[in-house]
Every structure is written in C-alpha cells, then in structure tokens.
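**Q** Here's the letter readout for the chains.
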Amino acid sequence: MAVLPPDMNAATFSQMLEELRGAVGADWLWSSDEDLGPYRDSFSPVWDTAEERHASAAIAPADVPQVQAIVRIAGKYKVPLFPISTGKNYGYGGPSPNVNGSVVLDLKRLNQVLEVDDKRHFALVEPGVSYFDLYRHIQERGLKVMVDCPDPGWGSPIGNSLERGIGYTMPQFRDHFGASCGMEVVLPNGELMRTGMGALPGSRTWQEYRYGFGPDPAGLFAQGNFGIVTKMGFRLMPLPEYYRTGLITVPRRRDFVKLVEHVNYLSDSSMCGEAVYGSPLQRLMGDPQFLALATKLGGPSDADMDAAAERAGLPSWQVDLQFFGPEATTSANWDYAKARILSDIPGAKAIDGDHFPLPATEEQLLNKTQPYQTGIRRYGALGVPSLGIWRIVGDNGHVGFFPILPRSGEAVFEMQRVLGDALKEFPLRPFFNATTAPLYWHTYAFQMVFAPSVKHDDPAHNAIVHQAMKKVVAVAAEHGWGDYRAAPIYQDHVADTYSFNHHALRRFHEQLKDAVDPDGIIAPGRGGVWPKRFRK
Amino acid sequence: MSRRTTTTAAVVLVLAGMAGVAAAQNRQAPVTPAVVVKADLPGRTIFERQCAPCHGAGPGDDGSPMLPGTAALSRRYGGEIPGALELRDDLDGDALRLFVRNGIGAMPSFRKAELADADIDAIAAYLKATAELSQSR
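Chains E and Y, in that order, are what the protein sequence lines are. Numbering-wise (the numbering used here), the first sequence opens with residue 1 and increments by one. Numbering-wise (the numbering used here), the second sequence opens with residue 537 and increments by one.
Just chain Y, same shape as in the assembly (with noise of 0.2 Å):
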C-alpha cells in the first residue's frame, strides 16, 4: 500500500496556549493592513468563502493584526513576499493545487468534493488578476 507523504515543507505556526490566547494576543502592534483591488472574477466568490477566513489580508479576531494563514505565511517569508495571497501574482492552479490537495503546516487538505480542480484554476485566475490590479493601484 502506498502512502503519501506531503513533500512541501511544513510552515511553522507559533503554538500558544487554547486558554486565554485571545488576552495574550490581544495586545499585538496593528499592522498597516494591505491594500487589496479585488478582480471582478468568478474565482472571487470562491476564495471569499473558501480561503479568505484564514489567507484573507483583513485583521485576524480578537486583536491579532493578521488571519491564520496570512501571517503564517508572512513569518515563512520573512517580507520578501506578501502573505495576503490576494497579492500573490505567483500561484498558478498548479502550485495552489499541491497545497490545497496535500496540505502544509498546519493547513489540512481540501477534498475535491469541497473544492473542484476547476475552482482552484478559478481561483489561480482571480489571485493573479487581483494581484496585478493591486500592485499597479
């Protein structure tokens, strides 16, 4: 029986406490948030509701100056690259494939009976357009 393993390395969250982690966050420095120029494209819909509440570039709850996945991404890459996926102008229905069907960190895969293959190059569609739009703003 083959087993897979996921080959992408694993994004390191900072594991806190499930007691009285919103007190402790809730004193963080606000950060600027970035400014997103949203593509009017059907993929916009689907990342709204798909993976905007972890990957979206709005502030995370209770204080935390970004969401889950944006600021995991953030602290991976040092600044270097934007941790708002929606600036991301990288990610082709491919790339954003590996991550979604194998998972990374602390980030579970998405089965295709949530998430078409078609979605995902909707969504690959909708970050690359709102990526341009933003940058060129």
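Okay, chain E solo, but in the shape it has when bound (with noise of 0.2 Å):
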C-alpha cells in the first residue's frame, strides 16, 4: 500500500477497494506501489520528496454507468478521486493528483469516438479517445476535416480542453476549451448531466450551439473540480483544399511592435493560422559576448541589439505565417501580408514558402523543403499528431510556466527584461532574453516559457527549478502576467495571484465547491478550489 486516502484507516481502505473492485472487476483496479508507479509525475521536480502527491489506488472504468457507481462508492467513504483522461498531461503533473491518497479514476477506457460529421464539422468523443485516435478514426474513413492537435499528439481532446491546451491551426481552432461545445458530466452526486443542447431532450444541435438556455456551467470543468466530463464536442476545420507558407523578416529589434500590430490584424481577421515568431539572433546564442548582450541586466539597449544583428547580417526577428483555403485564396493572403509588411517597415523582406493542396504528401509532412530555416512544425501545422516533439525533451522531463501576456512587442520586451532578470539567480538556461519570441497558441494572447528540466537523480537541481516556479509565479504576477495552466504543486501559487478584490473569485469558486461537493469527492484541489473539508 503506497498512502491512504485523507481521514481514513487501512481497514476501512481496505472495505472502500472491495466495493470499488465490485463496480468495476478486479482487473480494473490498483494499488499495489508497482502498480501505481505510472501514476506518478514522472515530470515532478519533487520527485522522491515530501512534497510529491501519490495516489492510493486507480480505478479504470468501462463505461458512464461505472463512472457514476465509482462516484457514488467514493461519496460513501468521502474519497477524493482524481480523474484523468489519457493521463499525459506532463509538464503539468502527468496522472498525479493534488491530494495525496486520492483515487485516480482513469478514464483511459471510455475510448470511442462516438460521432465525426464532416459536413457539420464537428467529433463527439469520450475522454480515453487520444487525438492519435480520432485522427485515425477520420482518416480511415475519408472524413473531409482537419484535427488541431496539440503537441505531443497522444493526449485526449477532452483531457487537454479541459486544462485549455492548445494547438497549431486556424486562430479558432487552437483554443481548444474555446472549440468544444456540449459535455456530459458525472456530478459529484453521480448524476449525469449534459451542458447546452444536450440537456433539451431530441436536441439534434449538441455539437452546434453551446449554449442552450440559461447559465451555462461547462467553464466550470475546465481546470475545476465539479464534475467529471464523460462525452465533449469539438468543432473541427473542414480540410482546407490548400495550405501555403512565407517568411517575413525585419531588421531592428524595434521594428518586432509593427511587426506584431500587423500580424494581429492578419490573425484577427481569420486571414491566417498560428504566426510563429522567432529571433534569427538566436544562433548567436553561443557567442558568449552576444549572450552576455542578450541577458544583460536591465536588457540591451535597441541600438546595441541592432548593431549586434548588423554585425552578423543577420535580422533581428522573423515570421512564419501559414494560410489554409483555397489555393487562390491563399495566394491573395499572403500577397496582401506581404504587401501590408512590406511597405510599413523599412528593410522588411519576405520569402515564399512550401506550398501545396491537401493532405499533404508524407514527404510534405516531413517538412523537407522549405527554403528557409522554419519555426513551424509541420505535422502540428497540419493537424496530424506526433510523438516527434518529444526530441526537446531532456532528463527525466520538464516542469512548465506560461505566462500569458498582451500581444505588442512593448510587453514582449518587458517580459524578457523582467523575468530574464528575476530568474538570473538561478544556474538554468535563460529562458527568458532579448531574442525570446512569444508563442502565439491562444486565440488572442500570447505566451512565453519557462520549462527547466527536472532529473531524477539531482534532488539539489531539482530544488533549485522548484524554486526558480515558485518565484517566476510571483514575480510575473506583479506586473499583470498569470499563468494559464500548472501542476497541481503549482495550483495553489497560481490561483493566489488571481486575487482581484479580495480573492473573490477564489471565494466563488469555493461557494459553488461547497454547494455542489462539499466532502470534496472530485478532484479537491484542482485549479486552486478547496471545499471547506480541505481548506486550512
């Protein structure tokens, strides 16, 4: 037996497995320490330490109706359960719970894609069904629509929505909550309900219309803890007949707050998929004169940044854009982004990408031909899943901090100023310098990154990026950037910096957690709501 649940004895531990075995069948049930090692964070930087969380059994139910009796047995003994859907949520806790002892109920087989409609453009699907899944499901049948996956491809589509993943498509697309539309949830009753039009018996627009009538509750699932999602719609792009790429470059540093104005424009006006930005000064990054430019104190001076990129020949930013539609369309798109760009920002330069109908050819795919160095992942790019992202990953994982910021070059520069200056006493890589470029994943912010690796054997390394979390947290929130997902570890420093009048958010939250499950049965904790059992 690895640790109990919260209150209670091994022999009433014990009673609580058997009834859990009785609704699902021996196989289906673990907890042996053997047996609940992959449920473990193996991305945890308190690994082996006190602060590690570690589940008491897991339980994997077949179907809805097991999901609900594990629910109920779990209300009876006042069990926490912890529910996962693939459970590769890594960089964010894996499988690991925020209460140690907890239950985790795997959802891993409730694995069918229930509905894809190619000509409504959307999937139905219950949360074992990983994007590799669905993605497999349109393709054997010849489903004319395109999956926005998130990278690595093996997570579910519920289970990255609910923590708001995101992905690499068209600007509507790549929020992944914000393309969802209609749940099932087991409550924390073991009630079932359905969210928008799935709660109008005969509705036939579950999957169309989100809303339904009156409040509608499905935010509360995401990152929350009120319920247990077992069926979520997705809108899906139809397969665009084209796809198209260009590189634009610009020269000074200062020239990135046009450079962005202009892109926004394109993204906001649907002309374009994910921007993907970089520093082509990043190459120099090796040059220990450049690094020491690049993470000065303070941050560089513009005319020192310049003149360092004069020196190299190189231009201070670059980005890629991609179009789907059409082929003339795209055309006209990128044409018009070039024309825009260009003529706004002295010394701007484009180059014309890889271009080709779709699906593309695997050779396509492997992103081979570009004429110019790229940022873009193709396969996420074209919405087709991979394990292939997984080459940054180094030692035994990462742990990961995104901060969400506006979308100028202004607050890109002050971020890579300030927290590349708070993180300076910490021994890790600069994350965080004058040639970090933002991630624009979300719709309409973007984001930057922190994610120092974490080694199993290094409790001391450990320590140290457990501690650079920490204070990036805070240091972040003091000038307006929050986090927009973490590890349960994490959870509660994330959720203190939304503090706006006195917590009142926080306090909501647990009014409702309070009102709706106040033994805490489902998943305490999580997105930093604690029921009144729980809180200190």
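Hints in this document: simulated from the structure, not taken from any laboratory. Don't take every hint at face value.
Claimed, not checked - If you anchor each label on the Cβ, the simulated ranges turn out as follows:
#, chain 1, residue 1, chain 2, residue 2, range
1, E, Q112, Y, P578, 19 to 29 Å
2, E, R507, Y, I617, 53 to 63 Å
3, E, Q112, Y, L669, 32 to 42 Å
4, Y, A652, E, D458, 29 to 39 Å
It should be emphasised that the depicted structure is a prediction, and the values quoted were computed from it without experimental measurement. By construction, the Cβ of each residue, glycine as well, lies at the ideal position given by its N, Cα and C atoms.
Work from the hints to combine the two standalone chains into their complex.
**A** Spelled out as structure tokens, the structure:
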C-alpha cells in the first residue's frame, strides 16, 4: 500500500477497495506500489520528496454507469477521486493528483469516437480517445475535416481542452476549450448532466449550439473540480484545399512592435493560421559576448542589439506565416500580408515558402522542402498527431510555466527583461532573454515559456527548479502576467495570484464547491479550488 | 510508505530550446532509414499505435533523421545495438515491461489501463519476429 486517503484507516480503505472492485471488476483496480508507479508525475521537480503527491489506488471504469457507481462509492467513503483522461498531462502534473491518497479515476477505457460529422464539422468523443485515435478515425473513413492537435498528440481532446490546451492551425480552433461544444458530466453526487443543447431531450444541435438556455456551467469543468466529463464535442476545421507558407523578416529590434500589430490584424481577420515568431539572433547565443548582451541585467539597448544583428548580417526578428483555404485565397492572403508589412517596415523582407494542396504527402509532412529555416512544426500545423516533439525533452522531463501577456512587441520586451532579471539568480538556461519570441498559441494572447528540466537523480537541481518556478509565478503576477495552466504542486501558487478584490473569484468558486461537493469527492484543490473540508 | 525509484539508468536526450527547435534540426544530415520487414502478428498494431510514434524506424519530424526514442537509443548504444526497436531481437516481455512500467530518461511509464501486460507480451513477440525477418532479408 502506498498512501491512504485522507481521514481513512487501512481497514476502511480495504473495505472501500472491495466495493470499487465490485463496480469495475478486479482487473481494473490497482493499489500496489508497482501498479501505482505509472500514476506518479515522472516530470515532477519534487520527485521522491515529501511534496510529491501520490495516489492510494487507481480505477479504470469501462463506461459511464461504472463512473457513476465509483463516484457514489467515493461519496460514501468521502474519498477524493482524481479523474484523468489519457494521463499525458506532462509538464503540468501528469496523472498525479492534488491530494495525497486520492483514487485516480483513469478514464482511458472510455475510448469511443462517438461521432464525426464532416458536413457540420464537429466530433463527439469520450475522454480516453487520444488525438491519434481521432485522427485515425477520420483518416480511415476519408472524412474531410482537420483535427487541431497539441504537441505531442498522445493526449486526449477532452483532457487537453479541460486543461485549456492549444494547437497550431487557425485561430478559432487553436484554443481547444474555446472550440468545444457540449459536454456530458458525472456530478459529485453521481448524477449525469449534459450542458448546452444536450440538456434538451431530442435536440440534434448538441455539438453546434453551445449554450442552450440559461447559465452555461461548461467553463466550471475546465481546470475545475465540479464534475467528471464523460463526453465532449469539438468543432473541426473543414479540410482546407490548400496550404501555403511564407516568411517575413525585419531588420531592427524595435521593428517587432509593428510586425506584431500587422500579424494581429491578419490573425484577427482570420486570414492566417498560427504565426510562428522567432529571432534569427538566437543562433548567436553560443557566442559569450552576444549571450552577455542578450541576457544583460535591465535588458540591452535597441542600438546594441541592432549593431549585433548588423555585424552578424541577420535580421532581428522573423515570423512564419501560414495560410489555409482555396489556393487562390491563400495566395491572395500571402500577397496582402507581404504588401501590408513590407510597405510599412523599412528593410522588411518576404520569402515565399512551401505551398501545396491538402492532404499533404508524406514528404511534405516531413517538412524538408522549405527554402528557409522555419520554426513551423509541420505535423502540428497540419493537424497530424505526432510524438516528434519529444526530441526537445531532456533529462527526466520538465515543468512548465507559460505566462499570458498582451499581443504587443512592447509587452514582449518587458517580459524578456523582467523575467530574465528575476531568474538570473538560478543556474538555469536563460529562457527569457532579448531574443525570446512569444508563442502565438491561444487565439487572442501571447505566451512565453519557462520549462526547466528535472532530474530524478539530482534533488539539488530539482530544488532550484522548484524555487525558480515559485519565484517566476510571483514576479510575473506583480507585473500583471498570470500562468495559464499549472501542475498540482503549483496550482495554489498560481490561483493565489488571481486575487482581485480580496480573492473574490476564489471565494465564489469555493462557495460553488461547498454547495455541490462539500466532501471534496472530485479533485479537491484542482485549479486552486478547495472545499470546506480541506480548507485550512 | 515505500516510494519506488526507477532503477534503470537514465537516457540522456539532447536538451534543446522550446522555440526554434524545428528550425535548428531542419538541416540535419539525412540518415539512411533502416529496412524493417514487419511481422504479421497481433503485436504489430499495438506497437504501431503505442510505441512507433517515438520508437519507429522512420524519420522524425521537420528534418530530424530519427524519431525521438530511436534517436535516444541510437545515442545510448553508439551503433552497437540498433536504435530502432523493430530491429531488436533481445527484448522479451519482461525486459519491455521493465521500461514500460518504470519509464527511463525522458520516457514516462505506461499504465495498465493503457497498455496491459498481455499487450506488452504481444509487442515483444512482434519485435522479435520483425527483427528476425529484417535480419534475414
């Protein structure tokens, strides 16, 4: 036995396990150390320390009635359940729970793609369906829709969207929770609820009209703990006829401000897909002199950065643009983008990139024919699930902090400087420096990334990472930048920063939690929301 | 409370930055892909769905010569043992289970809910048969 649930002795735990076995069968309940090993967060910076969170058991139901039965047994014993979909939330806690001794509710066996409609462009899936599964379902049937999948693609549409994960295609599909439509939820009392049009018996628009009538509680189930989502709908992009890319470079550091404004216009007008920003000056980071400049306390001057760029013969910034649609439309949108940006930014240059009809050939998917160095990950850009991104995972993984910042060049410069300075005391790679580009994943906001690696055999390194994570959350918040998603060990830290009006939002969430789940049966602490039973 | 530690040695992967990684790897020298003759066994589908996206013998994304797991094992063995699992005839079910259930390096462990012990045995049988077919080709 690993750990016991809160407020429970071993005898009662055994009794509860017997009841749970009765609900799902002996093969689908695990409580040995060996079987619970894979429910640890292997990317945890508190690996093998007292702060690591452990499950007491894991259970894998086969269907929704079994989920309901488990929730009712958990309610009887007042045991926290921690639901996971495919359990691949690495960098944000993996499959490990918020509360020690929780029973992980492993939904992997609920793995049916229930519907894909390529005329009305939606899918309805269960939580154990991975992006690979959904993609394969679509390909095997020749359906004309494109999935917007995260990197890597072994996670599930439901799990990823409930974490507010992202993808890489057109703006309205990249925000995966934003692109969801309709859910089925097992509530903390075991009752089954459907949101939106799903609440209307006989409705055939559950995956088309999100709201139904009256308040829409769907948002409570993302990064929340008010129920267990057992079905969820997603909007899908019609398979575009054509895909086109192009690269814009600008010479000076300050040109980034205008470049971002132009790309915001293109994106908000639905003219382009994910814009992938980068700085060609990153390739100078191996030069100690340039490294010192780019990481200078207080930030380098524009003049010094421009001089370095000129000496190296490199532009200061670039953006990879991507266009989806009919061939003529992609061509016109790229021509418009070039004309708009090049006429406004002196010295800006444009290079035509790959373009081809969809679906892509295997060669095109491998991204080998781009006439310039591109930051685009082709699989993700075309909605094809992959694990190729794992090549950037070092040591035993990493933990992630992805602060949200405004879509402006000035905001990017400020975050580079403030968080770069704040993290200087830690012997870690300089994630924030004068060449750090923003990520344009979410539809209407930028993010930047701090993702230091963890090492199971180096607790001193992990302690540094842990300390740096807590500091960067706090410093970012002082400047109005909040994290979008966090591992259980950081969720309280992050939630603490969303403190407007004496934590009115948290107090509201707590009132709701106390009303629908006073004993904390569903993931107490998730999203920083604790029921009264667990509040200190 | 007993907290198991992974007993297997760590595979050290190349740590690259999050941004611009694709660009950095886009110009790597091409590698001649290994020839794999796939055995027609039940483990093939399981391997292709659960393992091949990282451990397949084909090229990686965006110009990478190998998929990440295959690249990691190639670095680890320095050419003495194939990096592609489908060319390995020395991995029985127990050996695979050790890595699958414990993880190694950057590879997380896999749960019984997603990969049953019987699946791992089926994968082992497929790998052995595929390696033998590929060697005799």
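**Q** Could you run down the list of hints and mark each one as holding or not?
**A** Comparing the hints with the structure gives:
no., hint, verdict
1, E:Q112 to Y:P578: 19 to 29 Å, "holds (21 Å)"
2, E:R507 to Y:I617: 53 to 63 Å, "holds (59 Å)"
3, E:Q112 to Y:L669: 32 to 42 Å, "holds (34 Å)"
4, Y:A652 to E:D458: 29 to 39 Å, "holds (33 Å)"
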